[in-house]
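Undergrad: Now for the letters of each chain:
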Amino acid sequence: MLQLSREELLQAYRRMKTIREFEERLHVEFGNGEFPGFVHLYAGEEASAVGVCQQLKEDVDYIASTHRGHGHSIAKGCDVDAMMLEIFGKQGGLCKGKGGSMHIADLDKGMMGANGIVGGGPPLVCGAALSAKHLKTGGVAIAFVGDGGSNQGTTFEAMNLAAVWKLPAIFIFENNGYAESTASSWSVASGDIAKRADAFGMPGKIVNGHDFFAVYEAAKEAIDRAREGEGPSLLEFKLNRYYGHFEGDAQTYRGKDEVKRLRQEKDCLKLFRSRVTETQLLDERQFAEIDDEVTGLIENAVMKAKAAPYPTAAELHTDVYVSY
Amino acid sequence: MSDTLKAVVMPKWGLAMSEGMLAKWHIAEGAEIKSGQEICDIETSKIANAMESSVTGRVLRRVAQEGTTLPVGALIAVVGEGTTTSGDVDAFINRFEQEFATAAKESSAEEAGSQTIDVGGRKINYLKLGDAAGVPIILVHGFGADLNTWMFNQPQLAQTHTVYAFDLPGHGQSDKLVAEGTVAEFAKATAGFMDALQVARAHLVGQSLGGAIVLQLAAGHPEKVASLTLISSAGLGPDINMPYVEAFIGATGRRDLKPELEKLFADPQLVSRDMINDVLKYKRMDGVDKVLRTIAAGAFAGGKQSAVLREQLAAAKAPVQVIFGAQDQIIPAKHAEGLGGNVKVRIIPQASHMPHMEAAGEVNRLIAELAKP
Amino acid sequence: MARKLSFRNAVNEALALEMERDSRVIVMGEDVSGGTGSPGETDAWGGPFGVTKGLSKRFPDQVLDTPISESGFIGAAVGAAASGLRPVAELMFVDFMGVCFDQIFNQAAKFRYMFGGKATTPVVIRCMIGGGYRAAAQHSQILYSVFTHIPGLKCAVPSSPYEAKGLLIQAIREDDPVMFFEHKMLYDVEEEVPEGAYTIPFGEANLLREGKDVTIVALGRMVMLAMQAADALAKDKITCDVIDPRTTSPLDVDTILDSVENTGRLVVVDESHPRCSMATDIAALVAQEAFDALKAPIQMVTAPHTPVPFSPALEDLYLPSADKISAAVRKIRQKAAA
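Residue numbers (my numbering), protein chains in the order written: chain A, 1 to 324; chain B, 325 to 697; chain C, 698 to 1035.
Because the hints were derived from the structure by calculation, they are not lab data.
Keep in mind it's a predicted model, so treat the numbers as computed, not measured.
Worth double-checking, as some hints may not be accurate.
[To be verified] The calculated DSS-like cross-link candidates involving lysine-lysine, where the alpha carbons are at most 25 angstroms apart (straight line), are:
1. C/K701 <-> B/K452
2. B/K605 <-> C/K934
3. C/K934 <-> B/K336
4. C/K815 <-> C/K934
5. C/K701 <-> B/K336
6. B/K500 <-> B/K512
7. C/K932 <-> B/K336
8. B/K658 <-> B/K668
9. B/K348 <-> C/K932
10. C/K1021 <-> B/K582
11. C/K701 <-> B/K447
12. B/K614 <-> B/K500
13. A/K306 <-> C/K815
[As the list claims (entries may be wrong)] Restraint-style ranges between C-beta atoms, simulated for each label pair:
14. B/A621 <-> C/K701: 53 to 61 angstroms
15. C/R972 <-> A/V322: 50 to 58 angstroms
16. B/A621 <-> C/P994: 41 to 49 angstroms
All C-beta atoms in this analysis are idealised placements derived from N, C-alpha and C, irrespective of residue type, glycine included.
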């Protein structure tokens, strides 16, 4: 924690809070029928996206995300207004309203996309890491994968390939306990995903994913290793999501008061605030200011998204090819 | 007896031609024909054209039927004297076909092919036909073309002369390197080509841009030039069909290119599928687009010909002739007017920009006449 | 004179020229070099048919062997394309699409649209297609129609060495993902191929032969058979347009329609199975756009609705042939005459 400046701490908090507010608000707006589609919320997992992405460079470092991609997108620097417009399917959306929640991407920011296919990202990340290695950019590429995606063959193939080619790639498994409605304690045969690192000849580590600082430290080690040309690493973040697999999931598979307890005891934002205020690096007033600022930001984004027009009919046919 | 009989055979028009279809006879059996007379239409995948007889006499037998496809060199007619018996003709045909079959088996590999030579650091592709002693003929093609444009001329002229046709820099199979794209640059390259071949003096024939090139060469090196034949020539006036030049450069597919190539001929039917494909193959090569644009900027800046060489033409010591198609859509035939008394001018009514193809027989005779030893 | 080159070496030369021109062009796949990590030779294979032989020696940093992980390395090629390289990945046999299709049709094909026009994914995926090699059901399929169906992909099906070199260089320079289908029975076919780099634009059909009676549209190796059939038919004064679309996506519909307007008869030759194939696709396009020009029903010469059999006796029955094409042409000629 001590290696982070005040500015960096404030930025980390601002990003985590932005994700939280973004997701909480989407939960409400979706419930009110303000926008359609499949929406998978990241609330509860913010320390992971921000603890990792805060250390990445916008131009040379890439991430590939999952269907639960809003948090990674915000953490990697995607524009919040444009994301909101996108999720509402409106003109001016980050992907012109053609992708929606599951396909938010901004390659200019090194965000290779949320992905509707579980396990879709890890092979792509090998490619981005190969580009970095071949073009000698010094960049790293990071795949965020869920516990569900940890069981996909693509993920195994990508980890093997990354090790064989000694790529600057990192595989981060956000184990939130459920693949859709099925418990990872049942579906991951090895118990801990991190144990699989051994099988692919790379270091693997289990990290408390609620703890921003633990995430930051572990990611730093893996990123440094990748940048120094020592090859890929695996990190397993144990964490939790506050909402269902998708919005509309009744979550009958979860324990009684499970989420309530998690919010009280393991909330990454609360943990971050108390750790930082304990050391007197920042005080509550500064956090409160950020909270207000973020509330305004999200309110503004929602208002803009509601007011914006839908894409025109001509947009149906554009952006399929560069040229055809 | 049959010593007086002469074979008329399927011609070879261009390196790639291996067979041709006799589309239509223009003469009946028993007719008296003269050398140079059009006796039939031959179609190849590249082009259709009238074939001229190379012999004089009576047509004793039309061996090939209309619509049949025959290999190059196959017998299509027998010409001789009216007194020959039908049995003698049969015997001649039998003997010819036996010999042709044997020759075909033996000779498949020994065909004349193009060669390359280094000229000032650029690889130049050329084809030499004929081996007559005396001053040779050099054929210089135009913008965007290659040595195959002379397919109806080079073999005929090679009967009396050594004839060189070559691909200008940036064209055909020569290196795709052009610096300024000016007439002067190509004239220098042509002179360099002559030096590399150790040809001190030649009868120069140029078509379109090639005409301006040989004219420029003659102005700078009169000692190298025995005669000049300028066909649909650039360099005689300012006009050039710039929309054509630009459309030719811009065309990427057969649909764009075909209407442009049709402007080159009085009879647009002559533009065949293979001709279009050959031009497309050339235009698709890396560097060609740049070469063509460089030439367009160098030789036709601002939509006008940069090099007008009428004074140099008037001052030329060597005999000069100018041939135009009356229907030329690229460079107007009026550029042939008022060139002065020494210049022989021939305007061919049924031709556009390619009289050497559309009226090959006449153009060949004019070239041969001027180049007579 | 111009030198002759085999289809195999035409592909090899195209890859070499492009890797030389642009260091961002990389070739990757299973055994594209061969021998990586082994005690013996590297460049041991150059692919199972020797197509990439010699390239790893000339371009050691640009030719990458991969583990047998089609999803992994095809996905890596796609990701590399989206982040600055111009990879040419070899899937070996198109039949292996089953183990990596997601990376092609859900990822590569859709990036540009899903991401609102921000992504360019200049990846080429080379694969072998076709029967005749006695390679049986899992190594002999055609399948280009499956990829042609997907918006966002381009599909090239070269029919000769000249075509292969020009279309592959074009494919590598395209900014969209391209599937490149090489018929394995064409690898030893030779023809004149220019030495330098040249490109053949996508979406421009090749009219190989002109006639007035019937239009034959054929793809890949079928073009050669269609030309043989047209030669044979010409002896009986039946003349055909023979059209090679070159790319199935984009498809040059205009050239096909122009031809059918002239001939009034269409035979489509496609080594695929008969349903939902390029044959049915082209037949449907012509029926929609040129119905009034048709003088006889459209004929399709295709493989049957069966997997590709192993036994030579069965595979020969399975594959379209010049005789089958001739018979289809004669059938609609007679129909119109009757």
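Undergrad: Now tell me, hint by hint, if it's right for this structure.
TA: Status of the hints after comparison with the structure:
no., hint, result
1, C/K701 <-> B/K452, "21 angstroms, holds"
2, B/K605 <-> C/K934, "30 angstroms, violated"
3, C/K934 <-> B/K336, "24 angstroms, holds"
4, C/K815 <-> C/K934, "55 angstroms, violated"
5, C/K701 <-> B/K336, "22 angstroms, holds"
6, B/K500 <-> B/K512, "16 angstroms, holds"
7, C/K932 <-> B/K336, "22 angstroms, holds"
8, B/K658 <-> B/K668, "14 angstroms, holds"
9, B/K348 <-> C/K932, "17 angstroms, holds"
10, C/K1021 <-> B/K582, "33 angstroms, violated"
11, C/K701 <-> B/K447, "19 angstroms, holds"
12, B/K614 <-> B/K500, "9 angstroms, holds"
13, A/K306 <-> C/K815, "24 angstroms, holds"
14, B/A621 <-> C/K701: 53 to 61 angstroms, "36 angstroms, violated"
15, C/R972 <-> A/V322: 50 to 58 angstroms, "32 angstroms, violated"
16, B/A621 <-> C/P994: 41 to 49 angstroms, "54 angstroms, violated"
In summary, the structure is inconsistent with hints 2, 4, 10, 14, 15 and 16 from the numbered list given earlier, while agreeing with the others.
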